[in-house]
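With these hints in hand, go ahead and build the complete structure from the sequences.
Residue numbers (numbering that gives the first Met the number 0), protein chains in the order written: chain A, 0 to 329; chain B, 0 to 329.
Don't read these hints as lab results, they were simulated from the structure. Keep in mind it's a predicted model, so treat the numbers as computed, not measured. Do not take every clue at face value.
25 Å max Cα-Cα, derived PhoX-like pairs, lysine-lysine [to be verified]:
#1 B:125 with A:249
#2 B:50 with B:33
#3 B:33 with A:125
2 protein chains.
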Amino acid sequence: MSDPRIDVIGIGNAIVDILVHADDDLLVSEGMTKGAMTLIDADEAKRLYEKTDGAIECSGGSAANTIAGLASLGGSGVFVGKVHNDRMGEVFRNDIHAIGVSYDTLPTVSGPPTATSMVLVTPDAKRTMQTFLGACVDLGPEDIDLEQIADAEITYLEGYLWDPPAAKEAFLKAADAAHQAGRKVSLSLSDPFCVDRHHEDFLDLAEHHVDILFANEEEIMTLYQVENFNDALQAVRSHCEVAALTRSEKGSVVVSGDEVHIVDAEVVDTLVDTTGAGDAYAAGLLFGLTSGRDLFTSARIGGICAAECISHLGARSNVSFKALIEEKLG
Amino acid sequence: MSDPRIDVIGIGNAIVDILVHADDDLLVSEGMTKGAMTLIDADEAKRLYEKTDGAIECSGGSAANTIAGLASLGGSGVFVGKVHNDRMGEVFRNDIHAIGVSYDTLPTVSGPPTATSMVLVTPDAKRTMQTFLGACVDLGPEDIDLEQIADAEITYLEGYLWDPPAAKEAFLKAADAAHQAGRKVSLSLSDPFCVDRHHEDFLDLAEHHVDILFANEEEIMTLYQVENFNDALQAVRSHCEVAALTRSEKGSVVVSGDEVHIVDAEVVDTLVDTTGAGDAYAAGLLFGLTSGRDLFTSARIGGICAAECISHLGARSNVSFKALIEEKLG
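Structure below.
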């Protein structure tokens, strides 16, 4: 097995985020599930877009955010995800290239437009997402470049990819190829409702196919259907080579075999928007591991990136994560 | 080795607490170290007693509180500690007998009076203690009943016992006797300043003589002279059979070999006074272990007792811990 030429290849939904400040009343009147990502259709996306204003458009998507974060840390990242050949597709491509991520997935020329996610940020800094998957449903196994997968130390998959049916095949193809090349497979559970939608599949993935699992407290408890965090912690220890469990203001817990580390949360002056916190954490931890750091230090890097992420609006940062880590860790 | 007839024998300073509400200004003007236990002499104790008012007197002392808590849970506990043959000594004896603890240490008839600790509770619920050790300095190896030690599943020692010189000998005699009888030895580090006063000794104790170690976050970090909690956690894992690390509102972490459990803090409606929280936690955990519970459940019992303790003024509770645990754990 040769040395990998890519640190992390991320496969996920290629989405343009539309950020909107919203109050709780709007969520209630629209019947939205606060804190969750809900899938909507094109008409509903259009209606919501017209109903809200002051929107900021930016390149998003969970795995794409993580790869962008990895690039900001100085890691070498590739993203695979499907956009349409339209204006939003261009926004996505330009943004992700600008941050130094390799992104070559062919856009669709027919079918639905580029995916968008209305991210409604409430005054408590929580985000509620209404996502129109658009062109993402056209990602399929043919978009997976087996040589690229074999060249990457870690293949990172977002749980949301389990929503569009053809993408699931791409997901499994990539995971198999990574393992055949002696590489690692990482999965983020994405959100508790996503875990609920695909419960049996995710349990099977965690137990048999994933080396590095990312989950927040609610997601891991949903996965193992347990009432307290510690029970989930004990369950996951026997399943994954590495599990990184994020707990918001309680920091994170990272486990690997006999290793169990408790990583306190970084101090955050003003909590603005939690969008992308998990993605930024994954970026930091994966960067740490692929740059040869120990697990605890890698998780600390994850925590520092997450703290930066939640201090401003939107999932991506203007700050160089690399400079930030050098400042914090020396 | 026969079955133990006593769950826990606690050896510590026999102290009557004098609880006083105080503001931060008083602490500053008196040059007191907030949150710490400071040793004072008889004159200073008298002066402080006269300066403050509205005092509540109650039986206290760290290990004594723990054994009282154990009895309240339905465990069988013995306390060993020295009072003088005076009114405060009677207060101590009556209180500890009333809760069902065996206590037969002979009182002194000459020398200093019974120990008192002025516990100054500030509006932030923190306690600052000014302790006059009094008769406690006369506890010695002759007060240790070797048969009783051999009859107890766990011999529990408070770190504060390291302050009066003769008590230290009693401490070591008891620990040796417990191990010779095939029993366990447990130590609570008491407070970070106490750890600082006896740093080398405590490190040696933790590494070589203690099976079950109790420490809060600050104490364990002081013991291992590290900057973050996780480093202390990793260090203690290799030293003690069981370590229980309390973290205030972050709950506790309990470790034993490969086992690592994260125990979230119980919800506390109103934080009144943290005096005795660590003692109550130790009571719950030791009760859990001696009644055959697993480590996680034992730590949860500790957390429930600690939460009850900090919801009222003073280290001891009027509530039956036993009823509380039955209500919470079923």
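To see whether the hints hold, each was checked on the structure:
no.: 1; hint: B:125 with A:249; result: holds, 22 Å
no.: 2; hint: B:50 with B:33; result: holds, 18 Å
no.: 3; hint: B:33 with A:125; result: violated, 37 Å
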